[in-house]
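K.L.:
From just these sequences and the hints, can you work out the full model?
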Amino acid sequence: MKLVVAYIKPERLNPVKQELFKRNIFKISVTNALGCGRQKGFVSAYRGAIQEVNLLKKVRLAIAVTDKFVDTTIEGIIAGARTGAIGDGKIFVMPMSQCVRIRTGERDNEAIG
Amino acid sequence: MKLVVAYIKPERLNPVKQELFKRNIFKISVTNALGCGRQKGFVSAYRGAIQEVNLLKKVRLAIAVTDKFVDTTIEGIIAGARTGAIGDGKIFVMPMSQCVRIRTGERDNEAIG
Amino acid sequence: MKLVVAYIKPERLNPVKQELFKRNIFKISVTNALGCGRQKGFVSAYRGAIQEVNLLKKVRLAIAVTDKFVDTTIEGIIAGARTGAIGDGKIFVMPMSQCVRIRTGERDNEAIG
Amino acid sequence: MKFRYFTRIVLLLTCALPLCASDTTAHDVAANTFMINNLWIIIGAMLVFLMHLGFSMLESGLCRIKNCTNILFKNTLTPAIGFLAFALCGFSLMFPTESHWVVNEVLTFSGFGVHVPGGDPMAYNGTCTFLTFFLFQGMFAATTATIVSGAVAERVKLSSYLIFTLFYVALVYPILGSWGWGGGWLASLNFHDFAGSTFVHSIGGWGALAGVIMLGPRIGKYVKGEPKALPGHNMPIAVIGTFCLWLGWFGFNGASALNADPATISYVLVTTMLAASAGVIGSMFSSLVFIKKPDLSMILNGCLAGLVAITAGTDCIGLMSSIVVGLIAGVIVVPAVLVFDRLHLDDPVGALSVHLVNGIWGTLAVGIFTKEYSFGTQLLGVVTIGAASFASALFLFWAIKKVFGLRVSEEEEMRGLDISEHGMEAYPGFQFFSNQ
Amino acid sequence: MKFRYFTRIVLLLTCALPLCASDTTAHDVAANTFMINNLWIIIGAMLVFLMHLGFSMLESGLCRIKNCTNILFKNTLTPAIGFLAFALCGFSLMFPTESHWVVNEVLTFSGFGVHVPGGDPMAYNGTCTFLTFFLFQGMFAATTATIVSGAVAERVKLSSYLIFTLFYVALVYPILGSWGWGGGWLASLNFHDFAGSTFVHSIGGWGALAGVIMLGPRIGKYVKGEPKALPGHNMPIAVIGTFCLWLGWFGFNGASALNADPATISYVLVTTMLAASAGVIGSMFSSLVFIKKPDLSMILNGCLAGLVAITAGTDCIGLMSSIVVGLIAGVIVVPAVLVFDRLHLDDPVGALSVHLVNGIWGTLAVGIFTKEYSFGTQLLGVVTIGAASFASALFLFWAIKKVFGLRVSEEEEMRGLDISEHGMEAYPGFQFFSNQ
Amino acid sequence: MKFRYFTRIVLLLTCALPLCASDTTAHDVAANTFMINNLWIIIGAMLVFLMHLGFSMLESGLCRIKNCTNILFKNTLTPAIGFLAFALCGFSLMFPTESHWVVNEVLTFSGFGVHVPGGDPMAYNGTCTFLTFFLFQGMFAATTATIVSGAVAERVKLSSYLIFTLFYVALVYPILGSWGWGGGWLASLNFHDFAGSTFVHSIGGWGALAGVIMLGPRIGKYVKGEPKALPGHNMPIAVIGTFCLWLGWFGFNGASALNADPATISYVLVTTMLAASAGVIGSMFSSLVFIKKPDLSMILNGCLAGLVAITAGTDCIGLMSSIVVGLIAGVIVVPAVLVFDRLHLDDPVGALSVHLVNGIWGTLAVGIFTKEYSFGTQLLGVVTIGAASFASALFLFWAIKKVFGLRVSEEEEMRGLDISEHGMEAYPGFQFFSNQ
Ligand SMILES: Nc1ncnc2c1ncn2[C@@H]1O[C@H](COP(=O)(O)OP(=O)(O)O)[C@@H](O)[C@H]1O
Ligand SMILES: Nc1ncnc2c1ncn2[C@@H]1O[C@H](COP(=O)(O)OP(=O)(O)O)[C@@H](O)[C@H]1O
Ligand SMILES: Nc1ncnc2c1ncn2[C@@H]1O[C@H](COP(=O)(O)OP(=O)(O)O)[C@@H](O)[C@H]1O
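These protein sequence lines are chains A, B, C, D, E and F, in that order. The first sequence begins at -9 in the numbering used here and counts up one residue at a time. The second sequence begins at -9 in the numbering used here and counts up one residue at a time. The third sequence begins at -9 in the numbering used here and counts up one residue at a time. The fourth sequence begins at 2 in the numbering used here and counts up one residue at a time. The fifth sequence begins at 2 in the numbering used here and counts up one residue at a time. The sixth sequence begins at 2 in the numbering used here and counts up one residue at a time.
The hints are simulated quantities; they were obtained by calculation from the structure and are not laboratory data. Glycine included, every Cβ here is placed at the ideal spot set by N, Cα and C. Hints are not guaranteed to be accurate.
Said to hold, decoys possible - If you anchor each label on the Cβ, the simulated ranges turn out as follows: (1) A/T56 - D/A400: 54 to 62 Å; (2) C/K58 - B/T56: 22 to 30 Å; (3) D/H28 - F/E99: 33 to 41 Å; (4) D/H28 - E/G114: 39 to 47 Å; (5) B/R28 - C/D57: 31 to 39 Å; (6) B/D61 - A/R13: 31 to 39 Å.
Claimed, not checked - In silico contact screen, one side only, chain C against chain D (beta carbon under 8 Å); selected entries: (7) A35; (8) Y36; (9) R37; (10) G38; (11) A39; (12) I40; (13) Q41.
P.N.:
Printed below as a string of structure tokens:
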């Protein structure tokens, strides 16, 4: 099993969700995040004083999937999140050793979906 | 070492904390999250217009533990979070290769607790 | 590749960012978090009633790096975050099996930086 | 039709001037006095209206995010229901027409609906038209229900609260009010409650107490008997609320003179301002002593405590004494909050400590700080009005509980009334921790 | 120079007193009446000013976080631009000097700038000084533009909106207003719009409709033809806004009498309060029926709907009828919102349903509920003013679109106008989900 | 005791009417004039009170989340402490009883506590009762301290600020005020400051400057000499604050006439409104020029700048000139903010640029735009009052620093004053980034 984590642009969340739904991936967890990357942020001003905004608003997705779903998931995320502009974000895939459904106590493959 | 990550219902946070404390697990990190799963959300309305709320409020726990504590941790989370209703959440266990305490620079088993 | 996750004190975020920048680590994702650890929180009061604040404000950093950068990253975080007081936080390093840049579809080492 | 109006009025005036007979003039002078008095009472009514905004903000600010929309909804409906209920029924239960009583000095009723007496508008009571008086009284009436609203917040069913409001404003408040302000038996005994420490604030406070008892505390408020903090979610709006109340009180007390006599209204406004200021200071020190820190919500309560306390005697308590009255009110509001909390009477906004405790204190203070009014009579008023309003409120809540239920389900309460009663959030888009 | 003033005035007074000739006295009595009337209109002007705070809060509360600063900016500028534009041009287009018309009863103009007529201040219109009248009218004028502001929010370019405001307040509102309040042809036909259901609210509402049509809906509002919810981000400030409007309306309607006659102003305030209360109640039930839940934003709209509707006939509609007028206004505002939504007329705050629909309803209600005014004339006024204001607004928006563009770019809209137009956030530090 | 009152008054009136002697009538006419004047000043006092809500919201909105409760606490205490301090000591230092001076035209004192002069209330100053005057002045006094509050926010110790307020309002403001409004030497020189550009705003502004200098900038404000942005956390409440101040200013300026003379008060309100509007417009353009974007917080400052500037000459500056005065005020407020920032004078809310700079500009503008008052005298007033208030404030802050310390510890400042001084948050439950 893998945990697929992605940082994407906030306004791409809905398209990503739709693309994942199309691919039968319905279970997602989402967190608010800020990111700093190649897209280096901008210098703003408030009352004339400099304000370096180098943490841009992002959204973090976490999706636990069985190994064979990893590629579909990545593909779905890319399909929804890619705009081609800098700052589209990253996907990180991490090994996961256990998965438990709290409600039933089911484990691993039974619990993941 | 493992990182135990759990997405639970927000109102179960306090019970979970208590169950973990009982089991001598005192160190937890918590993040606000939204989740979508089998509990498919609801269709609400604002001024008569449709509002599909399919991201429900959840809380994300992250608990780093040594391997032998993994089961106790899972059990504690389940004890606190289970209501039996859909949406109780999931627990994901991920391998962790290092752990460092920033204050002292201690590593791994010394740092984790 | 590894995902370095750190929970630090919010006011140390800027120093940490600077220390990482010095070490040529520019890509970071940040999330708001609450933590409970040795720094056991405090008992406050509102209108005379007890309010146990045992979840303190923390910030969660996630930095994906190639294996050889792991130590530099840890060192940078420590340089920026250490105050010597309890509650400075923890660093967790997790194995990462894939990394994808959404914009280009590049993978792994090409995608990480 | 603005501009056209003028010409007519100019004509009227120019016609009127040449007459100049001193009879006419004397009448015109009286008409001017009447206009000024009337204007001040109109202004007072608008200021009392502002208090509804004050209550809305104070109460929603001191409750949790998840119930904020619900409180706003209740507080927007309260003046609407309150005013209509008072207009269509309450007024006629409160103010006897031509001194006619059904039961002498205890019960009056002159029918449902608004009945504007005919004839010269100046004849009604000499300082304002019937409708001005009606407007002012209607604004007052609705405040009584609002006081209850804060105390029962975060767990009461919307519909049940609205039904309670309807009956409390249409029946209980006016009948009890008629005993004093309608010229009933308490007035005959020389009971003095200038602007409503008893008739508005205590009646509201007793209603609140009944509600708190019948509902029980919010889930999570008492854990193993210990009171826990459930902090209010928005301090700036709580402060907006307090300032609106403070400002509105100048109309509440000032226009209760029912005339704009310079000596009276300036006296009333100064004592009001002194007592409120002293209440703030008193509660700051009290907060430092009792809870070891300067709690903002406590000085907001302290300010209101001072205002409630001076309300009964704002026209007759000495200037220095008004500082004392306010100071004491501010000092006692803090331990009062703590005591109610220890008694497991869960009152999210401190309505009991502010309106009930200080409504009583203020009414008694008239007996203590003035010569004209006896402490005994003041106490009698406190006790009888208290007993009657508490009993009525208990009965109302009991009846509503039987018929409709009073409290939302545990699940709804945990989820918050905003989602469960209204299907909407107060701050969509904002992120907050929702584990409380 | 405070204290010094007194002595002079005291001298003046003590000089004046001994004369005591009844001529002098009669004049003084009239001067007092004048002072009171003038004072009430001044108070009215201040209350109308408060409505600008009301609109700011209601509109920003009912929009999304990312456009909040922008709305606040527009609403702070609106009274400033509106008042100056009206002062320097509009006033002279609205109120003929010495009944002088350029085109009889259709167009008047007496030059740019503020021209204070000389002579006795009491001569201007008998109840207030020229400048008091001017202040009151200036405050009114700016509200018309504010109505548009809410409907076009979240997508209109700041500069384009400001230019629209400038022309609408400097030209359209005053010319149309002169037909009624300036004593023009509608006034001659006995068209009755006491405080502006038509002249303020409908003109504003038609402007809003033109804006909504020219701009199109917000991105994401209609997905495959289905209206989607884009919830307002801050309910407490929306409630603050509504209460400020409600309170301000007492001045809007009350001081439109242009005198402080006790019978008139108390009547006006009571009908205003009754209609607003009934609007709240009506919209609550309507909301329960049409959208199956008690929607807070709907009862805020309902309250304002009742107020808009009573505005035309607040002086002449019966007390019970005013409840009916308000109730109907509250009931129809909810389906009106739904219908506009189905028509893909995207109006974030419900300005069309409140000001346009109920401006029309209120004007017609005068013809229905009173004997003095004919339904036909009322309808004629609604149609002609409607056609003229809608056409002018369409033309204005069209011209601005040609020259400057009306709408921000898609990217700017997605990012939010706060960042893209102002480079700042409304709530720095707060975390919110920004995927809407 | 409402209803009972009537009957008595009706009796009084009906007794009074038949007399009809023209002596009596003349007296009654004067009594009516007195009532109206008194009423307007009462209204003015309430409007000035509203400014305290304005300051609370503006200041808390323009500061960071972590200090919000603290600012609200300070601003709730300020009117309380200010009013009591002025009542018990300041008033008697400001207004000489029967023109009695301790040091001629420089220092007066008639004892601690409130001493209501006996005799005919109309005898005190001919337009209002002693207590009305007292109330109005008391409300004014407290605003001076509030101005300081904003400038020293986010780092000053609560207790030290409160002590400063106490002395500034009890001693400094009244003594300096007596030179002008008490009829002292500046008044004798025909120095003109109608409603307080100098006596309120400059005195407050100089106090703020002293505070800013003694405290130093907030941590993180200047990094390597460069000013950094520490954005205010809540724009809607900053706008609420500004509108409350704007509205309150109509009372501040209007009732400073100390009578309700229609010509005077309408003139004052119109110039006030024109200058505020022009200030908004001026600062918008200035903001576009100097900082290349329409900054909301700058137009809020611009609005207040226009208001501060017109305050001195609101009764005598021409209508068109008042637009110019406001426009210039709005234009200069933006570079003023930038200059203070470059000078490392850290003023979170722009109090120096608004109150100090424009208090001076407004006072001088009287000398420029009118014939009656000389520029030289105006300048003399600016300089002497400036020197005296700045020196006193510096001394006060220095003394408090010695005895109690002025500033919270670095750790407390980083954590935020809400937690460290009050142990509570302003928005419990909301999530925000707390790394600033
Ligand atoms: N190595 C990394 N570790 C953690 N987060 C990253 C990393 N690289 C990118 N991110 C996240 O992805 C976001 C987009 O990355 P960025 O470099 O700006 O764009 P792109 O991937 O299109 O070049 C960042 O804001 C950050 O949140
Ligand atoms: N595969 C998954 N990946 C990420 N998060 C998940 C996954 N499955 C469940 N979750 C999280 O757990 C929450 C509860 O899951 P849900 O399927 O609704 O209930 P249950 O586990 O009781 O069937 C979801 O809202 C989501 O936050
Ligand atoms: N085992 C753990 N699992 C998850 N988070 C942890 C763990 N240990 C520490 N943390 C995080 O680190 C923060 C600081 O830890 P704490 O024990 O208080 O200080 P220190 O590491 O200096 O002893 C905690 O608030 C929590 O967010």
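K.L.:
Should the hint that C/Y36 touches chain D count as held when the rule is a Cβ pair under 8 Å?
P.N.:
At about 4 Å, which falls below the 8 Å cut-off, the nearest Cβ of chain D leaves the hint on C/Y36 intact, so it holds.
K.L.:
That 54 to 62 Å hint for A/T56 and D/A400 (C-beta), does it hold up?
P.N.:
Holds: the Cβ-Cβ distance is about 59 Å, inside 54 to 62 Å.
K.L.:
Answer holds if the nearest beta-carbon of chain D is closer than 8 Å to that of C/A39; otherwise answer violated.
P.N.:
4 Å, holds
K.L.:
Is 31 to 39 Å a correct range for the gap between the Cβ atoms of B/R28 and C/D57?
P.N.:
37 Å, holds
K.L.:
Holds or violated: C/A35 as interface residue toward chain D, Cβ cutoff 8 Å?
P.N.:
Since the shortest Cβ distance to chain D is 6 Å, the answer is holds.
K.L.:
Does the nearest C-beta of chain D fall within a distance shorter than 8 Å of the C-beta of C/G38?
P.N.:
4 Å, holds
K.L.:
Under 8 Å, Cβ to Cβ, is where C/Q41 needs to be relative to chain D, so tell me if that hint holds or is violated.
P.N.:
3 Å, holds
K.L.:
Close enough to count: is the Cβ of C/I40 nearer than 8 Å to one in chain D?
P.N.:
6 Å, holds
K.L.:
Should the hint that D/H28 and E/G114 are 39 to 47 Å apart at their CB atoms be regarded as holding?
P.N.:
Holds, at about 43 Å.
K.L.:
Given a hint of 22 to 30 Å, does the C-beta separation of C/K58 and B/T56 actually sit inside it?
P.N.:
26 Å, holds
K.L.:
Hold the hint about C/R37 up to the distance rule: shortest CB distance to chain D must be less than 8 Å.
P.N.:
6 Å, holds
K.L.:
If you check the beta carbons of D/H28 and F/E99, does the distance land in 33 to 41 Å?
P.N.:
Given a distance of about 39 Å, which is inside 33 to 41 Å, the answer is holds.
Checked against the numbered hints listed earlier, the structure breaks none of them; every hint is satisfied.
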